[in-house]
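Positions in the sequence shown are counted from 1; adding 19 to them yields our numbering.
Because the hints were derived from the structure by calculation, they are not lab data.
There's no promise every hint is true.
Derived DSSO-like pairs: lysine-lysine, alpha-carbon spacing no greater than 27 Å straight-line [to be verified]:
hint: 1; residue 1: K102; residue 2: K146
hint: 2; residue 1: K117; residue 2: K128
hint: 3; residue 1: K93; residue 2: K116
hint: 4; residue 1: K45; residue 2: K152
hint: 5; residue 1: K117; residue 2: K127
hint: 6; residue 1: K127; residue 2: K59
hint: 7; residue 1: K116; residue 2: K127
hint: 8; residue 1: K59; residue 2: K117
hint: 9; residue 1: K160; residue 2: K59
hint: 10; residue 1: K152; residue 2: K40
hint: 11; residue 1: K116; residue 2: K229
hint: 12; residue 1: K117; residue 2: K146
hint: 13; residue 1: K40; residue 2: K102
hint: 14; residue 1: K146; residue 2: K59
hint: 15; residue 1: K59; residue 2: K40
hint: 16; residue 1: K59; residue 2: K128
hint: 17; residue 1: K127; residue 2: K160
hint: 18; residue 1: K40; residue 2: K146
hint: 19; residue 1: K152; residue 2: K117
hint: 20; residue 1: K127; residue 2: K229
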Amino acid sequence: MAGYDIVDVHLHVCRDTAQEKLVFPKKGWPDEWYWCSPDKITPYMDARSVSRVVTVNIMDTHAMTESRITRLPKGTSEAEAQKARAGIKDEMIDRVKKFNDWACETYKKNPRIIPFVMIDPILFGNKAVDELKRCIAMGAKGIKVHPNICMHLPDHANMQPVYQRCQETGTWILTDSTGHGSPRQTAPDGQPFGSPVHWTPVLSNFPKLKFIMAHLCDI
């Protein structure tokens, strides 16, 4: 569209068609109908006059971890289960980092695919801001926060330095605002963790954040 720069700010770009079919299966679809991967996305964008797209990284490491724990042998002791959980957590941290790496590397190859990397204060703990700094250095333009999948309130202590760094660097934040995509328990007040009301203290303390609230109409 002449005079306008159209940006699709919420896509989950996959590495290839095989991964897209695994993560977002659509019964009966032939492979050629899947387009949300770097090797296929450019014709999709051009046909719709989309200048750039934002890929928002998210990985449900909690569900992946619990699935692995349930498959431990019968009779596994609590101590053994906790040891296994710690090992799985290290693996999940590595997987998320590699996924963030991939998004930033994809951007370097195709600047029309803008990376918003995954930051999880539960998974990364007090190292969450370190992951943010690492990704910004690789070209990340924003972060994806999903309080409902990661099961934390937006004003989690480990997120405070993340917000501060985002505000200082002009790094965007895109968050899910409802229980969308997550059937898990809600916050203590009965609202989804990512409910807009839970963002009030964050936006009050960091008024210059570049902030996008997704799925707001689902409320």
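Here's how the hints hold up against the structure:
no., hint, result
1, K102 - K146, "holds (21 Å)"
2, K117 - K128, "holds (16 Å)"
3, K93 - K116, "violated (32 Å)"
4, K45 - K152, "violated (36 Å)"
5, K117 - K127, "holds (15 Å)"
6, K127 - K59, "holds (17 Å)"
7, K116 - K127, "holds (17 Å)"
8, K59 - K117, "holds (21 Å)"
9, K160 - K59, "holds (22 Å)"
10, K152 - K40, "violated (32 Å)"
11, K116 - K229, "holds (23 Å)"
12, K117 - K146, "holds (16 Å)"
13, K40 - K102, "violated (33 Å)"
14, K146 - K59, "violated (35 Å)"
15, K59 - K40, "holds (14 Å)"
16, K59 - K128, "holds (14 Å)"
17, K127 - K160, "holds (12 Å)"
18, K40 - K146, "violated (32 Å)"
19, K152 - K117, "holds (15 Å)"
20, K127 - K229, "holds (23 Å)"
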